[in-house]
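6 protein chains.
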Amino acid sequence: QTVQPATGAAVAETWLPTLQVDTPQQGFDLAIVMARRAVKTTQPDVAVLKAQRPRYAGDAASLIDVSAVAAAWFATIAAANDYWRE
Amino acid sequence: QTVQPATGAAVAETWLPTLQVDTPQQGFDLAIVMARRAVKTTQPDVAVLKAQRPRYAGDAASLIDVSAVAAAWFATIAAANDYWRE
Amino acid sequence: QTVQPATGAAVAETWLPTLQVDTPQQGFDLAIVMARRAVKTTQPDVAVLKAQRPRYAGDAASLIDVSAVAAAWFATIAAANDYWRE
Amino acid sequence: QTVQPATGAAVAETWLPTLQVDTPQQGFDLAIVMARRAVKTTQPDVAVLKAQRPRYAGDAASLIDVSAVAAAWFATIAAANDYWRE
Amino acid sequence: QTVQPATGAAVAETWLPTLQVDTPQQGFDLAIVMARRAVKTTQPDVAVLKAQRPRYAGDAASLIDVSAVAAAWFATIAAANDYWRE
Amino acid sequence: QTVQPATGAAVAETWLPTLQVDTPQQGFDLAIVMARRAVKTTQPDVAVLKAQRPRYAGDAASLIDVSAVAAAWFATIAAANDYWRE
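Residue numbers (this note's numbering), protein chains in the order written: chain V, 1 to 86; chain P, 1 to 86; chain L, 1 to 86; chain Z, 1 to 86; chain H, 1 to 86; chain S, 1 to 86.
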């Protein structure tokens, strides 16, 4: 068992200063960060998350759902960056 | 068994005065608040919710779904704040 | 067994005169109303709905889905109110 | 067994002349029509659909999904009507 | 067993020249085409798809999901056509 | 067992320089690329992904979900290209 900071305590740290990033790829990476951060609001124990990974990373239905979640976060980030139009 | 105010009674309290918040991170936090508030419209008994937490917090599929829900609420909040563009 | 008005008959009643409401919280409440109304298009018998409630209200996956549905309805209502920007 | 027109033949009929309707409630009704029409592209036999109804109309998870689908169609219809703003 | 062109080969063919169509109903039909085309990126063998049809076409949960997918594709097509506003 | 670059290492490579593509069909193809890339953030081992393919490619529910995910990525790409309006 690991010792985790309480969710409330973690909120004090600034982890999302802006939605604006330079490139679509950085936006994609931020989407993954946000997707994982949302998971941590419910399961803050990283060790538990890692323990589950082999199972869902080997399950097609879960992986498809992971992509859906990433798409949802990315949609907002892309809009926030005006789709990186030049 | 706990005594809960009826859903109707709870509506009288103001818990969502605005969608405008100062930072993306506050928007993220508000998304979590709204996601949980929506759950309470169906299950107002906090004790029941807490009792379920160990189970779904240890289930990858549920955690992925939690992230999808957070993304959905965040999308609206981010639009409401014009994506915190400067 | 309860006697229910046919779905067709229920449509004659005006239950959704507008999407414009005064506050985000009223918008949230309207989202819940619309979410439930959509359920009634398929299951108009309120008694059947109430009978199922203890089961899904005690099931985390269902509650997460409820929040997703509320988010979807709220997104449209919030846009309809220009996000209650001042 | 009922005789059904082929999907291809059904397309010839005009069932969706416009997305513009007078009121939000008519928009809601149109969302239900479109949701059902989409189902028919995969299962055109109305008798099969009716036979399934008692089962899914008594299943909370299915009913929650029905509401999600209605919300998705309604979102587009509402945008198409500029949210019936006055 | 049928002989299918490889996915890579199929990409060379132009099947989606535009998102602009004349009517909402044509947009609906295009949504179904796109939904099915997306399925083919994962399962290009039409015979396998047809073999599964009786099963999912008789399953309410799958049919509800089909409608959700159609709604998602339609949303983009409708926006691309400015909702066929006159 | 294959040797895979770590997820962290893969990020250094530029795979998403832009969301702007010339045609809707190229946008569709990019949606599939993004959908798969999101899967790889969780399961970077291509061999594991390929091993699962026969199973989910033969499962209607998974295929419907694949289409939903493609629609979600495509929605953002289409907006980024102003829907390829002429």
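Derived by calculation from the structure, the hints in this document are not laboratory data. Where a beta carbon is used, it is the ideal one built from N, C-alpha and C, also for glycine. Any given hint could be a false lead.
In silico lysine-lysine, DSSO-like type, Cα no more than 27 Å apart, as pairs [stated by the list, open to error]:
id	chain 1	residue 1	chain 2	residue 2
1	Z	40	H	50
2	S	50	V	50
3	L	50	P	40
4	S	50	H	50
5	L	50	P	50
6	L	40	P	40
7	V	50	P	50
8	P	40	P	50
9	S	40	V	40
10	L	40	Z	40
11	V	40	P	40
12	S	50	H	40
13	V	40	P	50
14	Z	50	L	50
15	V	50	V	40
16	S	40	S	50
These stretches of chain S come out as covered by chain V in the derived footprint (C-beta under 8 Å, 3 or more residues) [as the list claims (entries may be wrong)]:
id	region
17	21-30
18	41-51
19	68-75
Results of checking the hints against the structure:
Between residue 40 of chain Z and residue 50 of chain H the alpha-carbon distance is near 16 Å, which keeps this suggested pair within the 27 Å criterion. Distance check on the hinted pair: residue 50 of chain S and residue 50 of chain V sit about 23 Å apart at the alpha-carbon level, within 27 Å; holds. Among the hinted pairs, residue 50 of chain L with residue 40 of chain P is consistent with the structure: their alpha-carbon atoms are about 16 Å apart, no more than 27 Å. Restraint check: the Cα-Cα separation between residue 50 of chain S and residue 50 of chain H comes to about 23 Å, which is no more than 27 Å; the hinted pair holds.
With a C-alpha separation of about 23 Å, the suggested pair residue 50 of chain L and residue 50 of chain P falls inside the 27 Å cut-off, and the hint holds. Note on residue 40 of chain L and residue 40 of chain P: the hinted pairing holds, with a Cα-Cα distance of about 20 Å set against a maximum of 27 Å. For the suggested pair residue 50 of chain V and residue 50 of chain P, the alpha carbons sit about 23 Å apart, so the restraint of at most 27 Å is met. Our distance criterion of 27 Å between C-alpha atoms is met by residue 40 of chain P and residue 50 of chain P, whose separation comes to about 12 Å.
Using a Cα cut-off of 27 Å, the hinted pair residue 40 of chain S and residue 40 of chain V holds, with the two alpha carbons roughly 20 Å apart. Between residue 40 of chain L and residue 40 of chain Z the CA atoms are separated by roughly 20 Å; this keeps the pair inside 27 Å, and the hint holds. At most 27 Å may separate the alpha-carbon atoms for a hinted pair to count; residue 40 of chain V and residue 40 of chain P meet this at roughly 20 Å. The suggested pairing of residue 50 of chain S with residue 40 of chain H holds, with an alpha-carbon distance near 16 Å, which does not exceed 27 Å.
For the proposed pair residue 40 of chain V and residue 50 of chain P, the alpha carbon gap of about 16 Å is at most 27 Å, so the pair holds. Taking the CA atoms of residue 50 of chain Z and residue 50 of chain L, the gap is about 23 Å. The hint holds against a cut of 27 Å. As the CA atoms of residue 50 of chain V and residue 40 of chain V are separated by approximately 12 Å, the hinted pair is consistent with the 27 Å bound. At roughly 12 Å between alpha-carbon atoms, residue 40 of chain S and residue 50 of chain S fall within 27 Å of each other, so this suggested pair holds.
Using a Cβ-Cβ cut-off of 8 Å, 0 residues of the region 21-30 of chain S lie near chain V, which falls short of the minimum of three, so the contact claim is violated. For the region 41-51 of chain S, the stated coverage by chain V holds: 5 residues have a C-beta nearer than 8 Å to a C-beta of that chain, and at least 3 were required. For a cut-off of 8 Å, the count of residues in the region 68-75 of chain S with a CB near a CB of chain V stands at 5, and the three-residue condition holds.
Consistency with the previously given hints fails for number 17 only.
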